[in-house]
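J.: Respectively, the protein sequence lines represent chains A and B. Terminal number for the first sequence in my numbering: 386, no gaps in between. Terminal number for the second sequence in my numbering: 132, no gaps in between.
You may find that some hints are simply not true.
[Claimed, not checked] In the DSBU-like style, the derived pairs of lysine-lysine whose C-alpha atoms are separated by at most 35 Å in a straight line are:
id, chain 1, residue 1, chain 2, residue 2
1, A, Lys290, A, Lys13
2, A, Lys88, A, Lys270
3, A, Lys13, A, Lys89
4, B, Lys74, A, Lys290
5, A, Lys207, B, Lys125
6, A, Lys283, B, Lys32
7, B, Lys112, A, Lys301
8, A, Lys189, A, Lys88
9, A, Lys169, A, Lys91
10, A, Lys2, A, Lys112
11, A, Lys13, B, Lys5
12, A, Lys270, A, Lys283
13, A, Lys379, B, Lys131
14, A, Lys379, B, Lys112
15, A, Lys372, B, Lys74
16, A, Lys283, B, Lys125
17, B, Lys5, A, Lys372
18, A, Lys290, A, Lys189
19, A, Lys189, A, Lys216
20, A, Lys112, B, Lys32
21, A, Lys379, B, Lys120
22, A, Lys301, B, Lys5
23, B, Lys5, B, Lys112
24, A, Lys301, B, Lys131
25, A, Lys260, A, Lys372
26, B, Lys32, A, Lys372
27, A, Lys112, A, Lys88
28, A, Lys216, A, Lys283
[Claimed, not checked] Derived coverage of chain B by chain A (criterion: at least 3 residues anywhere in the stretch with Cβ under 8 Å from a Cβ of chain A; other residues may be distant):
id, segment
29, 53-60
30, 118-130
Think of the hints as simulated: they come from the structure by calculation, not from any bench. Owing to the predicted nature of the structure, the values given are computational and were not obtained by experimental measurement. For every residue, glycine included, the Cβ atom is placed at its ideal position computed from N, Cα and C.
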Amino acid sequence: MKRVYLDNAATTKLIPEVLEAMMPYMTEIYGNPSSPHYFGQQSGMAVDKARQQVADAIGAEAGEIIFTSGGSEADNTAIRGIAERYAKKGKHIITTAVEHHAVLHTCQYLEKHGYEVTYLPVDEYGLVTVDQVREAIRPDTILVTIMFANNEVGTIMPIPEIGALCREKGIFFHTDAVQAVGHVRIDVKEMNIDMLSMSAHKFHGPKGIGALYVRKGIIVPPLIYGGAQERNRRAGTENVPGIVGMGRAIELACENLDEKAAKMMLLRDKLIREIPARIPEVKLNGHPTKRLPNNVNYSIKYIEGESILLMLDLNGIAASSGSACTSGSLDPSHVLLAMGLTHEVAHGSVRMTLCDETTEEDIDYVLEVLPKVAERLRKMSPLYHG
Amino acid sequence: MYTEKVLDHFQHPRNMGEIEGYNGMGMVGNAKCGDIMQMFIRVNDEGIIEDVGFKTFGCGAAVATSSMATEMIKGKSVDEALQLSNAAVVEALEGLPPVKIHCSVLAEEAVKAAVEDYRKRMAEKKESENKD
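Using the sequences provided together with the hints, build the complete structure.
T.: And the structure:
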């Protein structure tokens, strides 16, 4: 059976060049970077190189990169760290209603511990404006944390504008850029970003490794204690193969980034254009242009997301949905609800996320299968009277 | 996460769609939770469910439980149909993930709602006949 993987926002394939870079650090060069001997120093040098590669990709300095176990740890470290370290200055945090749970649940945890959090609402496209942020700022605001691009609908937030505002007001600005790094150009200096989270497996690197960029001069206390690794900012023996893989993966992702993005956008826009031409009564979720090059998200009215996914999977297509049935709760995606979708329409969402290996043939196959799936499920639906 | 039996009923739903000449119809669930089941039954003069059909908006388990429930009540008396439990539907499907058990409850409720509607219609019919 033909198989098409369109769930690259969930995770991506580890590419051979990355695996090749990692292999020696699992077998021959296995020293602990903290050890002064040859074995350890070889590993240490590899970690230094990867740190530089990661820094270069976002316009940072190597010393500003802290390796973590992934995006969630990076988000937790940034938000809890700033909250703890700067509590005397204030206890107010600004975020949005559409953040990843790594940010939302961390904010909710802080609310139980005496912090106040403002969750900015979004418009129908999933956007917040810089004016909303400005109006929410109070004398006791210590942190603004707003995602670079949304993981479900791909909407890209006005990050440079928010960065400039926060810098002007002297408030720390963190962005969860897990979906954006390696897909869109990022320069933390130009964009006035103080902290940024990323995860290697979203750009064809290995799982279990991520990084937090922290601008020089900002003190973020560690989440994990127990050693002097990462300059006392994150204890634990370094995941050397992971770190090496992340460095190589980010370097490759940023090579010809614009070219690869343009190629994905062509295919993305073909899906965005052709789905409503072939399936009546669908709704594009997310912004038509301010969106990640690889994200397509449609609600197919009168049918339910998990059923769509199951039937796509039976035809070899891997996608994702914001329906309740795929989230393990009774409510559909908080992102789609925040954008004003009704429960019914939110339940019928299907997300397809491409990578640069996705072909036009793959897209044509989806355009052949999806209308049949929609028709079949609609025939079964008591809500459809077509 | 689903058993082969569930996937089979999802892919090849039995008794799917509205049936002709039904005399009982029940609809349960709501779009907010993501599950709506509609059940149609045609009961003959002997009180036997001759034909049954369903329509479902919902996940794979919702489709499979409705499909299985229709199979289990077809050819049975309305009294027997009322005995159908959600546990029996789950067992017939060789199990459901814990978060999907509510789908089987919905299937049981859909059958009960259809029978209730049938009985109401019969009572109304009798009443109007008595008037004549």
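J.: Can the restraint linking Lys5/B and Lys112/B be considered satisfied, given a maximum Cα separation of 35 Å?
T.: holds, 24 Å
J.: Check whether the Cα positions of Lys13/A and Lys89/A lie no farther apart than 35 Å.
T.: violated, 43 Å
J.: If you look at each residue in the segment 53-60 of chain B, do at least three have a Cβ nearer than 8 Å to any Cβ of chain A?
T.: holds (count 6)
J.: Is the hinted pair Lys290/A and Lys189/A satisfied, with a Cα-Cα distance of at most 35 Å?
T.: Satisfied, since the Cα-Cα distance of roughly 22 Å is no more than 35 Å.
J.: Decide if the proposed pair is consistent with the structure: Lys301/A and Lys5/B, CA atoms, cutoff 35 Å inclusive.
T.: Answer holds: Lys301/A to Lys5/B is near 28 Å, not above 35 Å.
J.: Straight-line Cα separation of Lys283/A and Lys32/B no greater than 35 Å?
T.: Answer holds: Lys283/A to Lys32/B is near 18 Å, not above 35 Å.
J.: Quick one, are Lys283/A and Lys125/B close enough, alpha carbons at most 35 Å?
T.: It is violated: about 45 Å lies between the C-alpha atoms, which goes past 35 Å.
J.: Sort out whether Lys283/A lies within 35 Å of Lys270/A, counting only the CA atoms.
T.: Given that 35 Å is the threshold and the Cα spacing comes to 15 Å, the pair holds.
J.: Hinted pair, alpha-carbon criterion (35 Å max): Lys290/A, Lys13/A. Please report holds or violated.
T.: holds, 25 Å
J.: Assess, step by step, whether the Cα of Lys88/A is no farther than 35 Å from the Cα of Lys270/A, and give holds or violated.
T.: violated, 52 Å
J.: Just to be careful, I want the Cα atoms of Lys169/A and Lys91/A compared with a cutoff of 35 Å; is the pair within it?
T.: Cα-Cα ~16 Å, so holds.
J.: Regarding the pair Lys32/B and Lys372/A, is the alpha-carbon distance no greater than 35 Å?
T.: Judged against 35 Å, a Cα distance of about 25 Å means the pair holds.
The structure is inconsistent with the numbered hints 2, 3, 4, 5, 10, 13, 16, 24, 28 and 30, although it conforms to all the rest.
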